[in-house]
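**Q** Each chain, written out:
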Amino acid sequence: MTDSAPVISAKNVWKIFGNDPEGYLKKMPAGRSFDDIRSDGYIAGVKDVSIEVSRGEMLVIMGLSGSGKSTLVRCFSRLHEITGGTIEVEGQDIMSLSEKELIELRRKKMGMVFQSFGLLPHRTVLENVAFPLEMRGQDKHERRERALEVIKLVGLEGREEYFPRELSGGQQQRVGIARSLAIEPDIWFLDEPFSALDPLIRREMQDEFLRLQQLLNKTIVFITHDFDEALRLADRIAIMKDGAVEQCGTPDQIVLHPATEYVRKFTEEIDKARVVLAGTLAEDGLVGDGAPIDAGASVHSLAKLLVQDTRDAIPVHKDGALIGAMRRETALGILVGADL
Amino acid sequence: MSDATTQAPAEIATLSRPRGAVLLVCIAIFLTALQYTGLLPAALHRLPEALVPNFADWLDAIFNFVKDDLGLLVLTRWLTEILQWFLDVTGNLFYGKRRWPNIGPIPWTAIAAAAAVLGYYLGGWKMASLAAATFIWTALVGQWSIAMQTMSVLVIAAPSAFVIGLSLGIAAWKSPAFDRGLKPVLSVLQTLPFFTYLLPAVIFFKVGPTAGAVATTIYAIPPMILMTTLGLQKVSPEVVEAGHMSGCTKLQLLRHVYLPSARTEILVGVNQVIMLCLAMVVLTAFIGMPGLGAKLLAMMGSFKLGRSFEIGITIVLLAVTLDRMSKAWVAKQPEHFERGTPWWQRHFMLVIGTAAFVFFCIVAQFFELASEIGRRQSLSMGKEMDVAIKWFLNIEWVKASTHFMRAFVNVQILIPFRNFLLSIPTPAVILLVTAFALWLGGRRQAITAAIFFSLVALSGWWDRSMITLYSVISAVSLAMLLGLPIAILAARSEKWSKRMLLVCDTAQTFPSFIYLIPAIMLFGITDIAVIFSILIFAMVPLIRYTIEGLRTVPLEVIEAAEMSGATRMQRLIKVELPLALPTMAVGFNQAIMFAFFMVIIAAFIGTQDLGQELQRTLAGTDLGKNFVLGICVSLMALTFDLTILKWSSDRKRLLGLGE
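Line by line, the protein sequences give chains A and B.
Its first residue numbered 1, the first sequence is counted upward by one per residue in the working numbering.
Its first residue numbered 341, the second sequence is counted upward by one per residue in the working numbering.
One chain only, chain A, in its complex shape:
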């Protein structure tokens, strides 16, 4: 996250569905709630959202179905035309692009993975993966080379000539992932990519996904309704409800300091000890003694130490430098699930 300019920057984005959304948005008084808007005969898919995604960051947008998370990500790629606000991708207002420029942007910079895969049933794995390359007119030989490369990357070697219906769900999604990576996009959208898979495969695909991300280091917007998945993957999480972002922050911020009642309910069932890191609990002025612990360790992984240690404050270091100390009592409280 060294590059300071955000890759995607959304400001006061509105997406309203209905007969005359633009006209309605102009006339709408400030402070209309989701239900108010609905009683006016419109649906607020995205409601006044401002959010930024930095280069190389993985932002997970999460919320229940109908909360507007899929709509928001489709606004980022302009699959939906937004009703109000601005969205800039790498400093360029995407609403001002002509159709040709938009197609160009998608052909060069964006990749997207879909919940139910969105594969073309009449094309083989190879042809599906090569599809975006074919669309931008790359020659046959080149696109074959590239497609084979990505197929290998997602571990589908030997299945190039299969048709989608001959593959399992997990394999089909690998094809979807390979297709979205074929053009080497800078920005990668994933719309609940693992929701349609059964739990065991889902776990495997998440690991696979983390491996790919370490390899490729893309800017990612990932959508899920599964909080555990969000916690596993996210740099930052944005929680959405009724089209609006309730809270956006790092996983432990959200767990420790829920901004609204809704977020608090959402995080209630979560084992906080697995999410909260020593670095978060470290207090700046506090001085501890003895061997320091790593800032990136979760409270859960420190369980044994916390129970056996007798120090009141344990020093915490990050990349070799001390950043403060953590109170053992607080950490123990989190471990046993006591209210903070």
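Among the clues, some could well be false.
Stated by the list, open to error - Lysine-lysine pairs mimicking DSSO-like chemistry, simulated, CA-CA at most 30 angstroms apart:
#1 LYS304(A) - LYS241(A)
#2 LYS838(B) - LYS914(B)
#3 LYS218(A) - LYS590(B)
#4 LYS100(A) - LYS466(B)
#5 LYS140(A) - LYS590(B)
#6 LYS992(B) - LYS835(B)
#7 LYS100(A) - LYS514(B)
#8 LYS992(B) - LYS523(B)
#9 LYS672(B) - LYS140(A)
#10 LYS672(B) - LYS835(B)
#11 LYS108(A) - LYS590(B)
#12 LYS466(B) - LYS109(A)
#13 LYS466(B) - LYS672(B)
#14 LYS108(A) - LYS514(B)
#15 LYS100(A) - LYS835(B)
#16 LYS152(A) - LYS11(A)
By construction, these hints were calculated from the structure, which means they are not laboratory data.
Here the structure of chain A is known, so what remains is to put chain B in place on it, guided by the hints.
**A** This is chain B only, laid out in the frame that chain A set:
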């Protein structure tokens, strides 16, 4: 809004509808009673001649204006030339018409072999033997040449209908305004009797194969449009978004994403196009199209039942083969080959097919029999079968029973019913139909029904329309009496349901003309033969949808009924039939539509209804009259169609069965 306020209007509507219907029926009975007591003024019984607007002449004027003054005839004559060129080419290839490219006819063995290989590719050995058997039979009974005359038109008409239907379907899907305009035209086209297609085709495209091809094409277009639009609308939004995100332009999206994803529906459309083309191309015999239809028409006309029967078998075999093969194509999914498979292995069947074709072409150069089977060598049993059929009909008990049916049904039921229908005053009939539409459909359907039947009255063909209606109603009622018990019995077991559905599916592929053969065989040229042919034709959808409806009742509901201690009968009456009724209604509706279609063909046997008049117009250039008659049939059919389908979908929604 609270529940109470939303409930109230609905309740009022459902309460007042039956009451309104009863009121209308009462007025109708009152009018009829007046008529019987002789108190009704004649003007209220039948519309006075003087008041009938001369639609036919007005339409004629419009047609003449379009034809001559706007120069449509010049355009169509030019199109005729092009079409004629194509038909000449296929004519040469298939039955050796002396035209460019002068290489035909293709030997029958070559076509049969190629068809068998295609059949194997699509559906394995079964399909291969069906395809081979069809063509070998056709050749052996000496009908190859006439069958190929029919085929040569079919191979032009079906692709044309496909291309036009696909384009219009895409247009309708792209532009909702176009779709809205097209929908009513399509529903009228689908209920318009085929005679109405024929006359304009003749006037604009000359008598013979060209007019036949045009009428066939137009007749087959509507389902292709509907299936295309349906398929394109059903493409999953995610696949489309994936296309967008892959950077497709609009054209790329249509070509690479939409059309391939809608493959199944489009191919189902192709199947329907082929079947409708075959059904129609047989009927174009009425405008002098040579081929199987013409031969059948001639044979039936001269009461040569054996030969008719043979031609019937040929047509049926062709229909079943074409239907099964195109359906197998729908179901066929791509299979992958391992990488590095050589070309000839990937296209193995194509190589074999071409090889067989070429082989038999060469063989035919040396052996006359492999190329053509002449009249003398053919194994036709026409004469012998004639004798056998006549002998069978002359057996005492067969004769007695057909005679009895003729006498009893005709005298006791049909004729009284017809006379009754004719005796009711026009307004009373309109009121009765309106009441029916109000009761089942609702206010909108009732208004449509009233307008449609009033138009029929205004056309001046009321009595003939009533005779048409009488044939339809009595045939469909009889079909219900026979068909429903059969369907309910069959639905009781999985095995029998499957068998019955297979029979129905097969029967539905037969061109309608075929159904006349057994009718004429059994009952000769009588009213009852007409009713009989409509009856078996209409029974097919009735049985099919009844079985389907009964078999798709959710299992839990049946189990719940059983656990409540219902007997078999109780279960059927209280649980299964009510749930199956909306689906059965669709079958009932189709039965009526089929009946309206068949009753017009049956004019060939000799009826006194609209069909007879329509057939008469074919001889002349009475385009206006032809159109008025066709529209009368269409309006009556549409009234039932709109009402029953509305009821069915309402009812399905009410039962939560979904569409």
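**Q** Any hints from earlier that this structure breaks? Give me their numbers in increasing order, please.
**A** As far as the earlier hints go, 1, 4, 12, 15, 16 are violated by this structure, in ascending order.
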